[in-house]
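Order-wise, the sequence lines are chains A and B. If you're matching positions, the first sequence starts at 469 in our numbering and goes up one per residue. If you're matching positions, the second sequence starts at 10 in our numbering and goes up one per residue.
Treat the hints with care, as some may be off.
Derived DMTMM-like pairs: lysine to aspartate or glutamate, alpha-carbon spacing no greater than 25 Å straight-line [stated by the list, open to error]: (1) K22/B / E834/A; (2) K15/B / D1003/A; (3) K22/B / D913/A; (4) K935/A / D704/A; (5) K15/B / D704/A; (6) K14/B / D962/A; (7) K15/B / E991/A; (8) K15/B / E543/A; (9) K740/A / D784/A; (10) K24/B / D544/A; (11) K80/B / E907/A; (12) K14/B / D913/A; (13) K22/B / E946/A; (14) K24/B / E992/A; (15) K24/B / D1006/A; (16) K24/B / E834/A; (17) K14/B / D544/A; (18) K22/B / D915/A; (19) K15/B / D564/A; (20) K653/A / E834/A; (21) K15/B / E952/A; (22) K740/A / E803/A; (23) K14/B / E952/A; (24) K24/B / E991/A; (25) K15/B / E545/A; (26) K22/B / D1003/A; (27) K156/B / D1003/A; (28) K14/B / E946/A; (29) K14/B / E545/A.
Because the hints were derived from the structure by calculation, they are not lab data.
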Amino acid sequence: MHPTDTRDPQYYHRVVDCQWGCPAHTNVPEYIRLIADGKYTESYMLNRESNVFPGILGRTCDRPCEPACRRTRVEDEPVAICRLKRVAADLRGEIDHLLPKAAEEKNGKRIALIGAGPASLTVANDLMPLGYHCTIFEALPKPGGLMRTNIPSFRLPVEVLEEEMDMILDMGVEIHYNHRIDSLKELLDEGDFDAYFIGTGAPKGKELNIPGRTEGSANIHIGIEWLESIHFGHIDSVGEQVLVIGVGNTAMDCCRSSKRLGGKDIKVMARKSRPYFKASPWELEDAEDEEVEILVDHSPQCFVIEDGQLKGMIFDLVEWEENEKGRLVSTKNGETFIPADDVVLAIGQDNAFPWIERDIGIEFGEWDMPVVDRATFMTTREGVFVGGDAAWGPENIIWAVEHGHQAAISIHNYCRGVPVTDRPPYGMNLISTKMGIHEWRYSNDYDPALRTEMRYADLEKRLSDMKVEAELGFDLKETVREVERCLNCDIQTDFTANLCIECDACVDVCPVTCLTITHNGEEEDLRQRLMAPADNTDQAIFASESLPQTGRIMVKDEDLCVHCGLCAERCPTAAWDMMQFDLLNPYAGHQSWPEKAITASTTSV
Amino acid sequence: MSYIKKPAARHPKLKVNSLGLTVRDYEGSMSTLCAGCGHDSVTAALVQTFFELDVEPHRLAKLSGIGCSSKTPAYFVSEAHGFNSVHGRMPSVAAGANAAHRDLLYVGISGDGDSLSIGLGQFCHAIRRNVNMLYVLENNGVYGLTKGQFSASADIGSTSKGGMANEQGPIDPVNTALSLGATFVARSFSGDKDQLVPILKAGLSHSGFAFVDVISPCVTFNDHQGSTKSYAHTRSHMHEVIETDFVPLRTEITTEYSEGSVQGITMHDGSVVKLHKVADEYDPTDRRAVLDYLAEVGSRGEIATGLLYLEEAGADMHGFENTVDGPLVEIPFADLCPGSKVLEEVQKEWW
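Assemble the whole structure, with the sequences as input and the hints as a guide.
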C-alpha cells in the first residue's frame, strides 16, 4: 500500500461517519461537544452554517448520519444525533447578531427562485450576503414548501418553521406569494433576472387507478394534497375508519394525522412485508405507538362503492417470493374486504413540469425530468439551475439544503463569468487536542451507556390536538447522558512515522484491536494480516510511511476505532497525536482556503 | 499513566479460545508505567501467551518482587492468583507456593535490580532447585523507579541519560543461569513479539525453571543514543540464534523446515518445541557449546536471542525432594496431619 495521504481533507472526513453521511456535511461531533459544554448558541450556529434549518431538521431530518454512526458498529444503537440538534435549537440564546446579513451594497445581480422550499431558501441564504437580489415566487400563500404542507404540526410546530425561514427572508428577500409560475419561457423572456433556480419540489402525489377510484373520489384523498389541506385548515375531520395506502414517511404522517382528526380505526396497508417498508423505522414506531395498525401483504384490488358512497376496499392477499433473477414476485392467496370511510393514498410522489416549455433549451430526459448536472445543478440551458426534489425526484430536506448550497456556488460563478464547473475546494484544519501528558481537550472516556429514548406527550393529550408536539425533546439529564455517547470521531488519530520507535505500546493498549505494525503489502492482503481482520471494506485502512527502525509500517483499521486516545496516551514519542479535524466546507463566496488550511499539520489557521 | 479505563468496547471478530475467552479476557488493570515502557509489551506478550495456551485464569499464579517490572502482574489476568513480595524475594515465595501447590502455573516477573542485585542469591537458588515456573526478567539496565542509575546488567561503556559511561562489568543473567545449570534459558526482546510469544509458551510448558531474559527498554531513562539497552540498539544488534516454534499437544505439525536445521524437543506435557537453527553448528542442548557460542557472539557486541538452551529430562524441585504427587490442599486432613500417635512413632526412630 502507498502511505495514506491524511492531508487530503477527504481522508479524515470519511472517518467522521456522521459528517460523511450527512449530505450537507454538518460537523456533528463538534456541535455535540458544544452542547456538552452548554454552548447551545454556538452549537446552533455551527449547525446552521451547513444545514441552515437546525430547529426544523432537529425534528424532521431523515438522519442519514445515524445509520452511519460508528456506534452502530461498536455496539448497536447510534448516538441520537438528530434529537441533540433539536436540543441546541431549543436552548439557544439570542442569535440575531450572529446571523448572516445581506450585503450593504448590492452587486446588481438578480436571481429568481421558483418555489419557497428549503432548496430555494438555502440559495437565498448563501447569496444574500454576497449582494445578490433574490426574488422568490411561491404558489402558496406561505413559504416553506413541503416542510410546511407535508410535515404535520405535531412533528414540526409552525413557530419553529417560520422562525428559521424568517432568518433568511428577513435579509430582504423579495417574495411573491400566491404567484405560481405557469410558464418558465415567459419568465425567461421578461429578462429581469441574471439566473434562475427551480426549487419546486416533487409536488404531485401518485394515483392509484383501480376500479372505483372515480366514483369514490369524495372520500379518496391524495396524501400530500390532503396534508396540505389539513395545514391550511381546509380539512378538519376524517371518518372513523381510515385506510392509508402505502408505508412511506408520508403514509406515517397521514395515519397519525387521521388519528388527530377523529379517526378511530386507522389501518396502514402495505403490499409487502416489513423489511421492504420505505418509512424510517422511528416513524413506524411512532405511528404504532399511536395505535395505528399496519397490515402487510395486502395489495389493493378495488374500491367498493355503494350508492355512490365509499364503503371500503378489496385487497388481494399476497405472498412474496424471490424468483431466479432475484426479483420479488407475488402470488395471490385470496382476497379480503376491509371497510373504510376514507382512504388516503400515500404511495409516492412525482415531479411535474407542465410549466417548463420543451423548446427553451432545457433538455428533458428519462421520466420526463429535466437533465441536471450532478455537480453544478445547471440544466442544459445556461443560467437555469434546479435543486431539491425538483432535480432528481423526492429526497428529503437535508439533501435539498445541500443542493441549495451547491447551486448557490454555481450561480455565484455563473454571474461572475467563472465556469460553473470550477468548484471551490474543501479544506481542513487539524489542531492537536493535547492539554497535558494524558489530558485532552475532549472527553475521551468511552461511555457504554445505551441510546437515550425519546419521551412523548401523553397519548390522549397529543391525539386531541393537531398542534401538540408529540416529541418532548431531551431534558438536561438526558442531554448530558446522550452527548457522552458520541465517540468524537473528528478527533483523529494522527500518526507521524519518523517519530515511531516501534515499542508496540499503542498496538497493545488499543481496546478495539485496530492497530498493527507489520510488513507492507497490498491492501487486500494487509486487511487479513492485521491483529483483527479488517473485513469492513467500506471503511479505510491507514498505512503509514516506513518506520525508521525496521522499515515495517503502522496500519490502522478505521472501522471500529473509538477515538479514546489511548494510543496517543501510551505513545512515548508523540508519534500518535489526537488532532481535531475541522472540515472546511466550501460555500458560495469562499472560493479558496489559505494554503495552510489544506496542508495544515499541528497549527491552527 | 492514563486517567481513563480501557474502553469496554472490543472488536467483534476477536478469536475465542477453547475456554470461550478472548485475548481481552486475559487483561488486567491499566498500566501505570511510563508510556512506551518495554514492560507493557512483555505484559501484552504474556496476555497473548495465556490466551493462546487456553490457560484457565484460576490455575495461574503471578508473583513478583519490587521494581517497575514487578508492578506488571497487576496488568494481566486479573482473575489469577497473585503475590507481590519483598524486593528480590519473589523466588523463595514462588518456591514455597510451588511446594504447597504443584499443580498451578507459576509465573514470576522480575527485573534486573530485583534479580541481579538485591535478589541475586534468591535467583541463583531457584535455578539450583529447578523450581517449576516461568521466570521472566524484564531487563533494561537501569533502576527506573529511582530515576535511572545503572543496574547490575548495564554494559561497560553504556551511557546514562546524562552522558556518563558505566565502568563496572555487567552480570549477564543468561550466562549466570546457564552456569548454574538452568534447564531452560532464553533471551528475547520486548519489541519482537513474534519471537517472544513462542518462547513464553515453551517456557510455560517446560517442566522446571524456565528462564527468559527479556531486553525491555526503559523509555524514560535508557532509550537514548549511547545506551546498549535501547529499542534502536537492541534492534540493530540482535543476533537471532534460534527461531522457536511452539506446537501445542493437540495441534498438527504443519510448518516445514529444511532437513537438518530443525530440532524438535517434546515437552513433559506432550507439546513440541521446534527449534529452527539460524547458525548450523549451534546445538541448544549442549550447555558448554552454548556458553562458548554466546561468548563469541557477545565479544562482537551482538545480543544473542532465541531459546538458547533447553533440557527437558532433568528433575525439578519436587523430584529432588521426593514430595507427594498432588497439591497439599487436595490431601485429606487426616493424611496431612496423622495425629500425635503417629508423631510419637516417628520420633521413636531417633530415640
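Hint by hint, where does the structure go against what was stated? Just the numbers, ascending. Of the numbered hints, 1, 5, 7, 13, 16, 19, 27 do not hold.
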